[in-house]
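These protein sequence lines are chains A and B, in that order.
When you read off a place in the first sequence, starting at 1, and then add 291, the result is the number in my numbering.
When you read off a place in the second sequence, starting at 1, and then add 9, the result is the number in my numbering.
These are calculated hints, taken from the structure and not from any lab test.
Careful: at least some of the hints might be erroneous.
Computed list of lysine-lysine pairs in BS3-like fashion (alpha-carbon distance at most 30 Å, straight line) [as the list claims (entries may be wrong)]: (1) B:58 x A:357; (2) A:305 x A:355; (3) A:305 x A:346; (4) A:346 x B:110; (5) B:77 x A:346; (6) B:110 x A:332; (7) A:305 x A:332; (8) A:332 x A:355; (9) B:77 x A:311; (10) B:77 x A:357.
Residues from chain A shown here face chain B by an in silico Cβ test under 10 Å; the list is partial [what the hints assert, rightly or not]: (11) 298; (12) 319; (13) 329; (14) 388.
So these bits of chain B aren't anywhere near chain A, every CB distance computed over 12 Å [said to hold, decoys possible]: (15) 50; (16) 64; (17) 65; (18) 88; (19) 89; (20) 116.
Here the structure is a predicted model, which means the values were calculated and not measured.
Backbone N, C-alpha and C define an ideal beta-carbon position, used for all residues, glycine too.
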Amino acid sequence: GAVVSQHPSWVICKSGTSVKIECRSLDFQATTMFWYRQFPKQSLMLMATSNEGSKATYEQGVEKDKFLINHASLTLSTLTVTSAHPEDSSFYICSALAGYSNQPQHFGDGTRLSIL
Amino acid sequence: AQSVTQLGSHVSVSEGALVLLRCNYSSSVPPYLFWYVQYPNQGLQLLLKYTTGATLVKGINGFEAEFKKSETSFHLTKPSAHMSDAAEYFCAATGGFGNEKLTFGTGTRLTIIP
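Bound conformation, chain A alone (with noise of 0.2 Å):
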């Protein structure tokens, strides 16, 4: 159980492009889903969080504008990077979860993004 799926895995385009990345709890409705970056070799870092139905509230230093996130119902988020430059380039990580905090995150499988 307790199944995110993350689409699309990789994704390569062009310096200038929109690219969005969904990211679904296929068996659960989750209350809350987290959009992490990971550069190689390095920990994941918190972009921001998104409640189904309110605004996704960014980490300080995550601009807003370039990485847009819907959560548009309890199974469904999506982050939008607009207008995607080479430095945006980099491993894109979804989680969502079920309940309360001491419940754990579920973690898709990552989308590796590459910019020309």
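Assemble chain B onto chain A, guided by the hints.
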């Protein structure tokens, strides 16, 4: 603010030997603690968690961890390493009830020597 420290960015053990990955936390409130494993180009998989109750928690794949409040530690162990255990391991903590944000350690890469 809380923080999570993982001692040793790289750990190598022989197949069949004890695995010990260290994690210390600092928090002003009792945290919830987690260990996750990450294989290359994949997301994170939960190994085990501690919230309340028994301080020795058992997880998947033969791993266990013990919460020691006096030492602010939550070290991960496995009695006998297997080749399939080679991966990146992350210790993480939340700020207790009502605070869902995970703070991650920097990770430990475990290598198994045949």
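Answer holds if the nearest beta-carbon of chain B is closer than 10 Å to that of residue 388 (chain A); otherwise answer violated.
It holds, given that the least Cβ distance between residue 388 (chain A) and chain B is near 6 Å, below 10 Å.
Would the hint linking residue 77 (chain B) and residue 311 (chain A) be met if the CA-CA limit is 30 Å?
violated, 43 Å
Hint check: residue 77 (chain B) vs residue 346 (chain A), CA-CA at most 30 Å. Holds or violated?
violated, 38 Å
Is the Cβ of residue 65 (chain B) farther than 12 Å from every Cβ of chain A?
holds, 18 Å
Exclusion check [residue 50 (chain B) not at the chain A interface, CB over 12 Å]:
violated, 7 Å
Is the hinted pair residue 305 (chain A) and residue 346 (chain A) satisfied, with a Cα-Cα distance of at most 30 Å?
Measuring from Cα to Cα gives roughly 29 Å; hence the hint holds.
Given the proposed pairing of residue 305 (chain A) with residue 355 (chain A), does the C-alpha separation stay at or below 30 Å?
holds, 21 Å
Taking 12 Å as the cut and beta carbons as the points, is residue 89 (chain B) off the interface with chain A?
Fine: 25 Å to the nearest Cβ keeps residue 89 (chain B) off the interface.
Restraint: residue 319 (chain A) near chain B, CB-CB cut 10 Å. Satisfied or not?
Violated. Min distance 14 Å.
Over 12 Å from every CB of chain A: does residue 64 (chain B) meet that, or does the non-interface label fail?
Consistent with the label, residue 64 (chain B) stays out of reach of chain A, its closest Cβ about 15 Å off (over 12 Å).
Proposed proximity, residue 332 (chain A) with residue 110 (chain B) (alpha carbon, max 30 Å)
Holds, at about 22 Å.
Residue 77 (chain B) paired with residue 357 (chain A) [C-alpha distance capped at 30 Å]
Distance of about 42 Å is beyond 30 Å: violated.
Comparing the model with each numbered hint stated earlier shows that hints 1, 5, 9, 10, 11, 12, 15, 20 do not hold.
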